[in-house]
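Residue 47 in this note's numbering sits at position 47 of the sequence shown, with consecutive numbering throughout.
I should point out that these hints are in silico values taken from the structure, not numbers from a laboratory. Some clues are possibly wrong.
Mimicking DSS-like on lysine-lysine, the simulated pairs with C-alpha atoms at most 30 angstroms apart in a straight line are [as the list claims (entries may be wrong)]:
#1 K82 <-> K54
#2 K113 <-> K54
#3 K113 <-> K47
#4 K155 <-> K82
#5 K133 <-> K113
#6 K43 <-> K76
#7 K37 <-> K76
#8 K113 <-> K37
#9 K41 <-> K82
#10 K53 <-> K37
#11 K179 <-> K113
Pairwise CB distance ranges, derived in the manner of DEER restraints [what the hints assert, rightly or not]:
#12 N45 <-> G176: 39 to 47 angstroms
#13 K60 <-> L131: 32 to 40 angstroms
#14 E183 <-> D159: 12 to 20 angstroms
#15 E42 <-> G176: 18 to 26 angstroms
#16 D83 <-> E158: 33 to 41 angstroms
Quick caveat, the model's predicted, so the values are computed rather than measured. Beta carbons: idealized from backbone N, C-alpha and C, even for Gly.
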Amino acid sequence: MKLRNQDKIVVNNEQENGDDETTTNGDNSSTAHMHLKDEDKEKGNFKHFNISKKTIKKLKDRNISILFPVQAESYKHIYEQKDCLVQAYTGTGKTLGFAIPVVEILQNDTSVKLVRGRAPRALVLAPTRELTKQISDDFQSIVSDLSVVTIYGGKKYEDQENSIRNGCDILVATPGRLKDIVEKKRL
Numbered sequence: 001m002k003l004r005n006q007d008k009i010v011v012n013n014e015q016e017n018g019d020d021e022t023t024t025n026g027d028n029s030s031t032a033h034m035h036l037k038d039e040d041k042e043k044g045n046f047k048h049f050n051i052s053k054k055t056i057k058k059l060k061d062r063n064i065s066i067l068f069p070v071q072a073e074s075y076k077h078i079y080e081q082k083d084c085l086v087q088a089y090t091g092t093g094k095t096l097g098f099a100i101p102v103v104e105i106l107q108n109d110t111s112v113k114l115v116r117g118r119a120p121r122a123l124v125l126a127p128t129r130e131l132t133k134q135i136s137d138d139f140q141s142i143v144s145d146l147s148v149v150t151i152y153g154g155k156k157y158e159d160q161e162n163s164i165r166n167g168c169d170i171l172v173a174t175p176g177r178l179k180d181i182v183e184k185k186r187l
């Protein structure tokens, strides 16, 4: 995805974990609780964001009924494809903060045919295998008609190359494995 606007913003959510609202990881297990003010809950209401009914249903299936502050503050910037630097505590929803708008951008792009062998339209790099899996799980939990492929060391090259060859929309990778696959001209 090519960024059209190079404005940079910083969303800084310094709210520590509390006990009122819950964030979850891709396997639906609870990871953190946060105190949210009524105004934060209203700002995070789905009606304020360009989010499809399909994605809202997927979020509700994960017991997510609003966007958390870090997600609400960054959504528009990411959806408009502006550079966005987000700084927030662990468990405040940063991964879904970028995953939701990326999924919406890709799902709304009707110019791309979802055919076998298509090139990835979004690339997410993560430094570790564990984080790569978590990010991929979060994407998988909210996509409807998109393919997410995850590549990292410790898995067979052949399986990962086949997944890429089948075509994907979102590629989540560790830098080392991505470099290997690019050097082998498999991507």
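The hints, checked one at a time:
Pair hint K82 plus K54 holds up; C-alpha atoms about 24 angstroms apart against a cutoff of 30 angstroms. Taking the CA atoms of K113 and K54, the gap is about 19 angstroms. The hint holds against a cut of 30 angstroms. Distance restraint check for K113 and K47: the Cα-Cα separation of roughly 29 angstroms lies within the 30 angstroms cut-off, and the hinted pair is therefore satisfied. The suggested pairing of K155 with K82 is violated, with an alpha-carbon distance near 34 angstroms, which exceeds 30 angstroms.
For the suggested pair K133 and K113, the alpha carbons sit about 26 angstroms apart, so the restraint of at most 30 angstroms is met. Proposed proximity of K43 and K76 is supported: the alpha carbons are some 12 angstroms apart, at most 30 angstroms. About 21 angstroms separates the Cα atoms of K37 and K76, which keeps this hinted pair within 30 angstroms; it holds. Taking the CA atoms of K113 and K37, the gap is about 43 angstroms. The hint is violated against a cut of 30 angstroms.
A threshold of 30 angstroms between alpha carbons decides the hint, and for K41 with K82 the separation of about 24 angstroms falls inside it, so the pair holds. The straight-line distance between the Cα atoms of K53 and K37 is roughly 25 angstroms, inside the 30 angstroms bound, and the hint therefore holds. Among the hinted pairs, K179 with K113 is consistent with the structure: their alpha-carbon atoms are about 27 angstroms apart, no more than 30 angstroms. Under the hint 39 to 47 angstroms, the C-beta atoms of N45 and G176, about 41 angstroms apart, fit the expected range.
Under the hint 32 to 40 angstroms, the C-beta atoms of K60 and L131, about 25 angstroms apart, miss the expected range. Our hint of 12 to 20 angstroms for E183 and D159 holds, since their Cβ atoms are close to 18 angstroms apart. In this structure the supplied range 18 to 26 angstroms is violated for E42 paired with G176, their Cβ-Cβ distance being about 43 angstroms. Between D83 and E158 the CB atoms are about 36 angstroms apart, so this pair conforms to the stated range of 33 to 41 angstroms.
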